[in-house]
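Q: So the chains spell out like this:
Number of protein chains: 2
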Amino acid sequence: MNKLISEETLFNGPRFNLKRRIYENVEGKEYIRDYVDTQSASIIIALTSDKKVVFIRQQREISGLEDLELPAGVIDEGEDAITAARRELQEETGYYANNIEYMGDYFASCGYSNEKLYFYLATDLEMRETHYDSDEVITGIQEIPIEECYEMVRNNQFPYANINLGILLYQLKYEK
Amino acid sequence: MNKLISEETLFNGPRFNLKRRIYENVEGKEYIRDYVDTQSASIIIALTSDKKVVFIRQQREISGLEDLELPAGVIDEGEDAITAARRELQEETGYYANNIEYMGDYFASCGYSNEKLYFYLATDLEMRETHYDSDEVITGIQEIPIEECYEMVRNNQFPYANINLGILLYQLKYEK
Chain F
1 MNKLISEETL FNGPRFNLKR RIYENVEGKE YIRDYVDTQS ASIIIALTSD
51 KKVVFIRQQR EISGLEDLEL PAGVIDEGED AITAARRELQ EETGYYANNI
101 EYMGDYFASC GYSNEKLYFY LATDLEMRET HYDSDEVITG IQEIPIEECY
151 EMVRNNQFPY ANINLGILLY QLKYEK
Chain E
1001 MNKLISEETL FNGPRFNLKR RIYENVEGKE YIRDYVDTQS ASIIIALTSD
1051 KKVVFIRQQR EISGLEDLEL PAGVIDEGED AITAARRELQ EETGYYANNI
1101 EYMGDYFASC GYSNEKLYFY LATDLEMRET HYDSDEVITG IQEIPIEECY
1151 EMVRNNQFPY ANINLGILLY QLKYEK
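If you read the sequences in order, they're chains F and E. At position 84 of the first sequence (counting the first as 1) the number is 84 in the working numbering, and the numbers step up by one without a gap. At position 173 of the second sequence (counting the first as 1) the number is 1173 in the working numbering, and the numbers step up by one without a gap.
Be aware that one or more of the hints could be misleading.
Unchecked claim - With a Cα cut of at most 25 Å, we get these calculated SDA-like pairs of lysine to any residue: (1) K1003(E) / P159(F); (2) K29(F) / E7(F); (3) K173(F) / E1148(E); (4) K1173(E) / E143(F); (5) K1173(E) / P145(F); (6) K1116(E) / K51(F); (7) K51(F) / L1125(E); (8) K116(F) / D1067(E); (9) K3(F) / R1057(E); (10) K1019(E) / R1057(E); (11) K1173(E) / K29(F).
To be verified - Label pairs and their calculated CB-CB ranges: (12) M1001(E) / H131(F): 21 to 27 Å; (13) E24(F) / T1130(E): 32 to 38 Å; (14) N1002(E) / E24(F): 17 to 23 Å; (15) E1136(E) / L10(F): 18 to 24 Å; (16) E143(F) / I1144(E): 20 to 26 Å; (17) R1057(E) / Y132(F): 20 to 26 Å; (18) S1049(E) / D80(F): 32 to 38 Å; (19) S1049(E) / Q39(F): 29 to 35 Å; (20) I32(F) / E1077(E): 16 to 22 Å; (21) T123(F) / E1030(E): 26 to 32 Å; (22) E1143(E) / T130(F): 28 to 34 Å.
To be verified - Here are some chain E residues pointing at chain F (derived, C-beta under 10 Å): (23) R1057; (24) Q1059; (25) I1100; (26) E1101; (27) G1104; (28) C1110.
Just so you know, the hints here were simulated from the structure itself, not pulled from any lab data. Predicted, not measured: the structure shown is a model, and the values here were computed from it. In this text, a Cβ means the ideal position worked out from N, Cα and C, and glycines have one as well.
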């Protein structure tokens, strides 16, 4: 690995920080790597007893979309990814997961962010109540049969990478 | 959608910019959305005639890994995603794709980046020559049978979300 020379913080924001690292390559030449320093997130495939996936509908300012998303959220400081998964699922959908299983964790954007995405499967769901974060705009909940979800992935109907990955991980790991 | 009040650039970097938007919600309360303003990227599943997927091995400073990746790269200003896919594949692996097919495009990180990932399947490959970017550290090329790739996804052996998604998109769209 090339040699890390220095790291400085360029910006501290409410949701993420920006850092700059200087590296030296094998020829002794220095170069810059800026990156987003951010908390990681848990993403949940919540499957009802009749094999429907629970989605939320949320406004996203940056994509400009109000579309279906998997329940997901930032892992708080000192919190386990699995605890965050259970908490976010209930906050956003009202469902408490009596059973929750790890499916995998991956870097979201290998070039410029240290964010990891932790995927969980939640089953044996029990309806309790929702607690939205004050700055989230969740405008609905929708349950879609898993077979229909596969068709929606095939037809590129989900705009966010993590939805497609979550559904296909479930298919690979639990339906084959 | 909540109302956009203003946008300013907080930082201009060599690889991405940082922007701040102020929105007003339905109660008239203002809130901040910082985001990474960056070019989108093309990602290629390059499949040889004997059904092996072409990987590169690359040093990534931010993840701290030197691991397998799919050939991928930024779409240049004014360039089509498909042209970038073909160019990056050849630059990084030496393979020219006589056939290239769109598989889907998705937002990489829906909360804080405008980056989209364009996935392509490249087949009918012809070995020409590589042209690495000066600041990339590609340390090898490896071809892995597609069936083995599925097992590697199942066992969480690929650390980056986009590899797993690319392989599973191929499986869903071409092998079922």
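Q: Straight-line Cα separation of K3(F) and R1057(E) no greater than 25 Å?
A: OK: K3(F) and R1057(E) at ~18 Å, within 25 Å.
Q: Take a look at whether the Cβ-Cβ distance between I32(F) and E1077(E) falls inside 16 to 22 Å.
A: At 20 Å between Cβs, range holds.
Q: Would you say the C-beta atoms of S1049(E) and D80(F) sit inside 32 to 38 Å of each other?
A: violated, 46 Å
Q: Holds or violated: K116(F) and D1067(E), Cα atoms, limit 25 Å.
A: holds, 16 Å
Q: When you check the alpha-carbon spacing of K51(F) and L1125(E), does it fall within 25 Å?
A: Violated. K51(F) to L1125(E) sits at ~41 Å, over the 25 Å cutoff.
Q: Close enough to count: is the Cβ of G1104(E) nearer than 10 Å to one in chain F?
A: holds, 4 Å
Q: Do E1136(E) and L10(F) keep their Cβ atoms within the hinted range of 18 to 24 Å?
A: holds, 23 Å
Q: Going by Cβ atoms only, is I1100(E) closer than 10 Å to chain F?
A: violated, 17 Å
Q: Between S1049(E) and Q39(F), is the Cβ distance one that fits in 29 to 35 Å?
A: Check failed, 44 Å falls outside 29 to 35 Å.
Q: Straight-line Cα separation of K1173(E) and P145(F) no greater than 25 Å?
A: Holds, at about 19 Å.
Q: Check the following: the C-beta atoms of E143(F) and I1144(E) are separated by a distance inside 20 to 26 Å.
A: violated, 37 Å
Q: Please check whether E1101(E) passes as an interface residue: C-beta within 10 Å of a C-beta belonging to chain F.
A: It is violated, given that the least Cβ distance between E1101(E) and chain F is near 13 Å, above 10 Å.
When held up to the earlier numbered hints, the structure conflicts with 6, 7, 10, 11, 13, 14, 16, 17, 18, 19, 21, 22, 23, 25 and 26 and fits the remainder.
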